[in-house]
Amino acid sequence: MSSATAPAHDNTFGQDDTYLYHHFDDLHQQHESSSLGMWAFLATEVLFFGGVLGAFAIVQTLHAPAMRAASHHLDVLLGAINTGVLLCSSLAMALAVRAAQLRQDRHTVWLLIATIVLGSAFLGIKAYEWIHDYHEELVPGLNFNQERYPGRQILFWSFYFTLTGIHALHMVIGIVIMAIMAVLVWRRWFTGGGATQIEMLGLYWHFVDIVWVFLYPILYLINK
Amino acid sequence: MSHEPQADDPRLVEESDPKLGYLGSDFSIKSWLLTTDHKRIALLYLASITFFFIFGGVAASLVRMELMTPRGDVFNAPDDYNRTFTIHGVFMVFFFLIPGVPAVLGNFLLPLMIGARDLAFPRINLLSWYIYMLGGLFTMYALVAGGVDTGWTFYTPYSTMFSNTQVIAAALGIFIVGFSSILTALNFIVTIHTMRAPGMTWLRLPLFIWAHYATSLIIVLGTPVLAITIVLVAVERVFRVGIFDPAYGGDPLLFQHLFWFYSHPAVYIMILPSFGVISEIVTAFARRKIFGYSFMAGALLAIAVLGFLVWGHHMFVSSQSMYAGLIFSVLSFLVAVPSGIKVFNWTATLYKGSVSFRTPMLYALGFIGLFTIGGLTGLVLSTMATDVHVHDTYFVVAHFHYIMVGGMVMAYLGGLHFWWPKMTGRMYSEFWGALSALTVFIGFNLTFFPQFILGYMGMPRRYYEYPEEFQVLNVMSTAGASILAVGYLMPLIYLPISLLIGKVANANPWAAYGLEWTTASPPPTHNFEEIPIVTGGPYDYELQDRADQQREVQEQGIV
Ligand code: HEM
Ligand SMILES: [Cu+2]
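Same order as they appear, the protein sequences are chains A and B.
For what it's worth, our numbering labels the leading residue of the first sequence as 501, then goes sequentially.
For what it's worth, our numbering labels the leading residue of the second sequence as 618, then goes sequentially.
Please note that a few of the clues may not be correct.
If you want the ones that stay clear, here's a sample from chain B, every Cβ over 12 Å from chain A, calculated [stated by the list, open to error]: (1) Tyr747; (2) Phe856; (3) Gly867; (4) Ile944.
Listed next, with one range per pair, are the computed distances between beta-carbon atoms [what the hints assert, rightly or not]: (5) Leu577/A - Thr1000/B: 41 to 49 Å; (6) Val617/A - Tyr775/B: 58 to 66 Å; (7) Arg687/A - Ala941/B: 51 to 59 Å.
Keep in mind that the hints were calculated from the coordinates and are not lab data.
The beta carbon of each residue, even a glycine, is placed where N, CA and C say it ideally should be.
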């Protein structure tokens, strides 16, 4: 709220008033605004994925046998590896946030690069899987083979590509922003050292990871 | 770390002019297009929303002209008629009704009312306007150059498999504009949470703020569902896979569920901000405290929550299970309770007030009456047995126009007149203002009341020809529409004129209560010379009037 309420804990990380935007009273208020804004945005994202996940849940319940049969064609091992890769990237991101708060610019940049590398590795494995699916004639709209995969299985694949597609798109966006942030931190462009900005990016990245943690079981493990 | 001047300098503030406030700081076009001042952004929105409103209005006039006679004569083919009502629906809903009050009045007033210098994210605020323009112009191009014949509801499988029109382009435009709503709503939520002036506790917030808070919650939680629905429609259309199309194993009802999960709450996105506007106007011109403040605030939140639970009332005849229908019907009746509280409390506020019938008040009174009719007919529609009879007829068209045009547009114009002196520093002609309010009211009722009867007699919506016996009522409706158009044109003329020849307004021309009236008209760029400290609740008109009397007694010795 206002400066009258004392901050419960210091979240300004040694930033000084040169980093205070003119319309805020103090750094605490400024940081709280950024943080609340990001959380509200993530609420939006939850509903965005929630819409398609809800639709998929209905389809999965209505046509359970076909969905299970279709899910057999996914590679559980690759999915598991990808889950691990993504969790590691989250760790790197968390460390980058900490480094930014401590104003260790070099560390921050390197950890951001590590996150980018791990995120790209995930996308690489995902792309490999998609290409494999294409060769197996599993892509609706391009080459889906209704004779090989009869019945409602096509529905599973429509949702699979939609879900993993929008998830991958979120990752690409995250990676691009991360690359920009890394350059800006390197060049010391941020008045406040970028701690707040990188913290918000971190929230976003963790969210994208958590989405995958949900996608993996409902896509890969439902036939187990 | 060193602190040389850096690219990202947070302390940059736009200039302010001593007399013209935020308006006078800089007159260049660049200063307007790059402004981060919420007040200037509100004016950018005002201009662009007016533009899209006129565009949607022209389409409506064409539709009404076609319906003057039973035979199709204005349009060459039924398809052109379909394209025109789609233009009307899409532009009015997504580019006028939804952003209207929040993006113009909300943007301008929200920081002023809570005693803040700006919204929490001024640059995101500007970004939202650019996204709005991008989405608007893109959709406009898609609907004019290509054309879409599905109506604003984009029902599948027609929209995904059969319609040969630019569905994807139009859907993309709506997807884009959704981001602008979300960014505005985020900004509002954060600003209300973190930037209230000292002493401005939650229960001292003006109801205008509560209304925008509730609206923002709906936008943040509802809009993404529309976005993903649009993505799925595009996926189905491009890849010809069955998500909604039964021919490929999909389910068309799924689309309706997803669509109405957003679009019923969206009707509350359209109306809740207007509730806020009306609460401000009614108290100011009845000079009374709002009746039942906490119930009014609670009702707004209750509507926001319940609004998410009633979407199935659009699907009573869609083969949705009867039991689901029953529950949706009951829940729809529950929504009527908080809506009723609003109407009763406005009326109770008027009771024994010293009411003055200035232009904003005329609009507000029109709002209360028309919204009540719209809400009550909503109950007719929420009753399954009667809905089967009037579903997809002109009765539904009349119902939602009573709420959207009779409600939201009345409140928007009322609010614009109420805060016009604050926004521009000028007074408009009271005569012309009152005349426009009256013309709009008469024109509106003549346009839409006959549609209730038409629908009840069985005239379906979205056809361009109809049997002879419906003609009299249709002619009445078209005649009313032309009166309505005149009513809307008047403010378009006398408001701009007031900028040149209007009386200069003082800080508080209506003697109204609220922080926005304590600063200059127009306000300085920074809103307040000194951040105000709030010591009491809103709408304390009785107290204020008594204080004024006392002061007069002391100063002039009159008893
Ligand atoms: C408060 C603001 C409201 C707005 C802006 C609004 C708007 C609308 C709109 C746009 C439609 C038509 C959608 C379409 O088919 O194109 C509609 C239909 C409907 N409304 Fe409302 N409405 C409001 C309030 C209510 C209330 C309070 C109720 C009931 C308690 C209600 C019940 C219904 C029902 C049942 C339908 C579906 C009718 C049918 O298609 O058969 N509405 N409304
Ligand atoms: Cu509804």
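Now for the hints, and whether the structure bears them out:
Non-interface status of Tyr747/B relative to chain A is upheld: no Cβ of that chain comes within 12 Å, the nearest being about 18 Å off. Not every CB of chain A lies more than 12 Å from the CB of Phe856/B, the least distance being 3 Å, so the non-interface label is violated. Once the 12 Å rule is applied to beta carbons, Gly867/B is inconsistent with being away from chain A; the minimum gap is 7 Å. The claim that Ile944/B lies off the interface holds: its Cβ sits roughly 17 Å from the closest Cβ of chain A, which is beyond the 12 Å cut-off.
A hinted range of 41 to 49 Å for the beta carbons of Leu577/A and Thr1000/B is inconsistent with their spacing of about 56 Å. Between Val617/A and Tyr775/B the CB atoms are about 47 Å apart, so this pair departs from the stated range of 58 to 66 Å. Look at Arg687/A against Ala941/B: about 58 Å separates their beta carbons, and that is inside 51 to 59 Å.
When each numbered hint is compared with the structure, violations occur for hints 2, 3, 5 and 6.
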